[in-house]
Amino acid sequence: MSLPAYLRKQEGKRLFDLGDIACAWGALYAGCSFYAGYPITPASEIAEFLSKELPRTGGRFIQMEDEIASMAAIIGAAWAGGRSMTATSGPGFSLMQENLGYAIMTETPCVVVNVQRSGPSTGQATKPAQGDMMQARWGTHGDHEMIALCPNSAQESFDLTARAFEIAHALRLPVLVMLDGEVGHLRETFDLKLPMEPLKLPAPPKPSDAPPFGGDPLPPHVLFGEGRYLHVTGSTHKPDGTRDVTTPEVHDQLVRRLARKVEQNRKALKDVEKDIPDRTKTVVMCYGAPSRPAAAAVEAARKDGLKVGYLRLRTVWPFPGDELEGLPSSVETVLVPEMNMGQLSREAERFTDKKVVCASKLGGVCHTMREILSKIKEVS
Amino acid sequence: MEHPLVKYLRPGTIPSTFCPGCGCGMVLNCLLRAIEKQGTDPKELIMVTGIGCSSWIPSPMFKCDTLHTTHGRAVAFATGVKLMLPDKKVLIIAGDGDLSGIGGNHLVHAAHRNIDLGVMMVNNRIYGMTGGQCSPTTPSDLYTTTTPYGNLDQPVMVSELMVSAGANYVARWTTYHVRQLTKAMEELMNGEGFRFLEIISQCPTHFEKDSKKSPTEILDMYKENSIPVAEAKEPYDGQLSSKMTVGVLAEKKRDGYIRRLEAVEKKLRAEDNGESKGKGHEGGH
Amino acid sequence: MQHLRGWAALVENMARKFEVRILKGNCKGCGICVHYCPSHVLEMSEEFTPKGYHPPCRCKDAECKGCRICEQMCPDFAIFVEEESK
Chain A
1 MSLPAYLRKQ EGKRLFDLGD IACAWGALYA GCSFYAGYPI TPASEIAEFL
51 SKELPRTGGR FIQMEDEIAS MAAIIGAAWA GGRSMTATSG PGFSLMQENL
101 GYAIMTETPC VVVNVQRSGP STGQATKPAQ GDMMQARWGT HGDHEMIALC
151 PNSAQESFDL TARAFEIAHA LRLPVLVMLD GEVGHLRETF DLKLPMEPLK
201 LPAPPKPSDA PPFGGDPLPP HVLFGEGRYL HVTGSTHKPD GTRDVTTPEV
251 HDQLVRRLAR KVEQNRKALK DVEKDIPDRT KTVVMCYGAP SRPAAAAVEA
301 ARKDGLKVGY LRLRTVWPFP GDELEGLPSS VETVLVPEMN MGQLSREAER
351 FTDKKVVCAS KLGGVCHTMR EILSKIKEVS
Chain B
1001 MEHPLVKYLR PGTIPSTFCP GCGCGMVLNC LLRAIEKQGT DPKELIMVTG
1051 IGCSSWIPSP MFKCDTLHTT HGRAVAFATG VKLMLPDKKV LIIAGDGDLS
1101 GIGGNHLVHA AHRNIDLGVM MVNNRIYGMT GGQCSPTTPS DLYTTTTPYG
1151 NLDQPVMVSE LMVSAGANYV ARWTTYHVRQ LTKAMEELMN GEGFRFLEII
1201 SQCPTHFEKD SKKSPTEILD MYKENSIPVA EAKEPYDGQL SSKMTVGVLA
1251 EKKRDGYIRR LEAVEKKLRA EDNGESKGKG HEGGH
Chain C
2001 MQHLRGWAAL VENMARKFEV RILKGNCKGC GICVHYCPSH VLEMSEEFTP
2051 KGYHPPCRCK DAECKGCRIC EQMCPDFAIF VEEESK
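Residue numbers (my numbering), protein chains in the order written: chain A, 1 to 380; chain B, 1001 to 1285; chain C, 2001 to 2086.
A portion of the hints provided could be inaccurate.
[What the hints assert, rightly or not] No more than 20 Å apart at the CA atoms, straight line, and that leaves these computed lysine to any residue pairs for SDA-like:
hint	chain 1	residue 1	chain 2	residue 2
1	B	1223	C	2083
2	A	274	A	306
3	A	274	A	292
4	A	267	A	326
5	A	354	A	277
6	A	270	A	145
7	A	52	B	1268
8	B	1063	A	225
9	A	9	A	191
10	B	1063	A	240
11	B	1037	C	2035
12	B	1213	C	2044
13	A	52	B	1267
14	A	127	A	94
15	B	1063	A	223
16	A	281	A	331
17	B	1252	B	1228
18	A	238	B	1011
19	B	1183	C	2044
20	B	1183	C	2067
21	B	1063	A	229
These aren't lab readings, by the way, just hints derived from the structure by calculation.
Model the full structure from these sequences, guided by the hints.
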């Protein structure tokens, strides 16, 4: 996939801008050709930027009447060949859940960015939080797997949004990019280039080798307008797309195959930043905005002689439970600073018998280095 | 011995799951006839549907790229499809509950945006698939499974709403008027901007089920109670006792959304000295 | 001259022969075709389709004029008109 001239001209440039804007650039460099969205703080900047820049790269932008319509439009566009994305925050994310499930069920590649803000409900509309992490995993009804990436800087917003496109189109499913208002609205430098190695994901079968909604587990890449007479439905369907809600095996096979697309690629999807030396006693597991003061806190704690490790998740779902299972025996505590009441800390508890402590912070203000440091000292 | 329209049907999908005498099959018949008459290749069409019996009209019977979506949102999905495949004819078929109830918001915005889509709202004035609950277009005082004491609402006049929202083409017919419907569907497929066709259709199973009217009795009633809109003395208010005004309710020549968008894109390309090459990138997914 | 052309067309049309074809397997016995045929060539039959419906039958003495109203109204692609070659 070659870049349009407009983007090629700027490749390698270093910019100083919002995390939101970096995310939008990442989308463009990943070949985003369609955006449909609805304004919401703190994600509106993504829409505003793409409304201007997307048409310059030959893509199309539309502001829809609500988030439900936005999610619908990006799915429709994907079936028409678009590489599509939308961005929102909590209240809009809640609205998108039904159609997100539709994207999973129909295996529609698309990217959904949630710049998390303080909830529930309208909450602290302009303040950051990380309260949607479990919703990201389970927000839509029914059995399903989910992939969610979590940047902690402007550069990562660029990188991981681009990565989300790569994953979505390789595995034919929606991928979430979970920013938070802190990362979305901070300003720092980032480079306009894709330094990442492509992920080791399996190639999909050719359309001649697998039915449009079959495969093992990856389906072929098929689109409208190719003369295939595709039948795309959110109802349970056979591998050829025909609805069949009465045969139990059809549903069992479909839903399990959809889950296998993620499960079988856990290893390739795992993305953590890890620094856990021997004899570590306390591991700080973190993601998103708090991971930055957490890194500083770990460094400070080590200077004070504490044996502290650092485990940052860049891919949050599927959750890297094996990292928790594989913690050295010296580790006694896993400290999880989160801007919520304990969401990923609860997930961590599932994978380890070690003590998991959530350093929960609400109120729309990110943890400070000192807060995390004092918590580290408290649990160590 | 083959039905002349069988070439448009996916094998094994007929007989359909529609009830005997349901208007849905008649709508499908009209659609396929319109396509046959025009000589349209189904490869040029994309059907988008929602949830409800009417959404099953093309799905799965009609052999065509089909996007069978979530309840009420077909118009929004179709907007995305059309923007990325603007040369295809994108048609939506769904029911009154789907399009004007849960989907009312999307319908109004699509009309006011004048997005280049053709919408067929099959109006059986009931929620048929779920067993006969009232819908936004159910006449007043009617008994349905959720209005056991009579419907307290006035029916929404969806076509009239589309006219005032600025749709380029709005028409209403009943399933009795199969020939006029076929012609209206041809207009729907070829027009620019937002085109809306309301089709009053029988649900012999659930609508006024206590009256136990047969499909032909209902169709006869449509015949007796419809009047060309030009001849009507008063506007149709959706009530059972009123005469249904049929025909073309509005025909405008407002620029469609795609035309306006392409004008902006052309200007941008000129500004960028033709460096940005129209829609999309090289390479597929 | 116009009215002579009209007569010629009428005579030519009268020579055309049409017949309804009924696809009983698709029929759901709704009765629409029987009711709306202006030439009254159809009647509901006593027999059963594989799904248990009564299909129409071409058991009346009347002549099919080829108007295709049955074909155009049938909800189930169960009836159509064929022109029999001269």
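Is the straight-line distance between the alpha-carbon of residue 1063(B) and that of residue 229(A) 20 Å or less? Since the Cα atoms of residue 1063(B) and residue 229(A) sit roughly 6 Å apart, the hinted pair holds (cutoff 20 Å).
Within 20 Å, alpha carbon to alpha carbon, are residue 52(A) and residue 1267(B)? 13 Å, holds
Hint check: residue 1063(B) vs residue 240(A), CA-CA at most 20 Å. Holds or violated? 13 Å, holds
Given the hint that residue 1183(B) pairs with residue 2044(C), does the C-alpha gap stay at or below 20 Å? The hint is violated at about 30 Å.
Under the criterion that the straight-line Cα-Cα distance not exceed 20 Å, is the pair residue 281(A), residue 331(A) satisfied? Between residue 281(A) and residue 331(A) the Cα gap is close to 4 Å, so the pair holds against 20 Å.
Hint check: residue 127(A) vs residue 94(A), CA-CA at most 20 Å. Holds or violated? 18 Å, holds
With the threshold set at 20 Å, check whether the alpha-carbon distance from residue 1037(B) to residue 2035(C) stays at or below it. Violated. Residue 1037(B) to residue 2035(C) sits at ~26 Å, over the 20 Å cutoff.
Taking 20 Å as the top limit, are the C-alpha atoms of residue 1213(B) and residue 2044(C) close enough? Holds, at about 18 Å.
So if I understand the rule, the pair passes when the alpha-carbon distance is 20 Å or less; does residue 9(A) with residue 191(A) pass? 13 Å, holds
Run the distance test for residue 1063(B) versus residue 223(A): straight-line Cα separation, threshold 20 Å. Distance ~15 Å between residue 1063(B) and residue 223(A) Cα, so the pair holds.
Does the structure keep residue 267(A) and residue 326(A) at a Cα separation of 20 Å or less? Distance of about 14 Å is within 20 Å: holds.
Taken at face value, is the distance from the CA of residue 1011(B) to the CA of residue 238(A) at most 20 Å? With Cα atoms ~15 Å apart, residue 238(A) and residue 1011(B) stay inside 20 Å; holds.
Of the numbered hints stated above, those contradicted by the structure are hints 1, 11 and 19, listed in ascending order.
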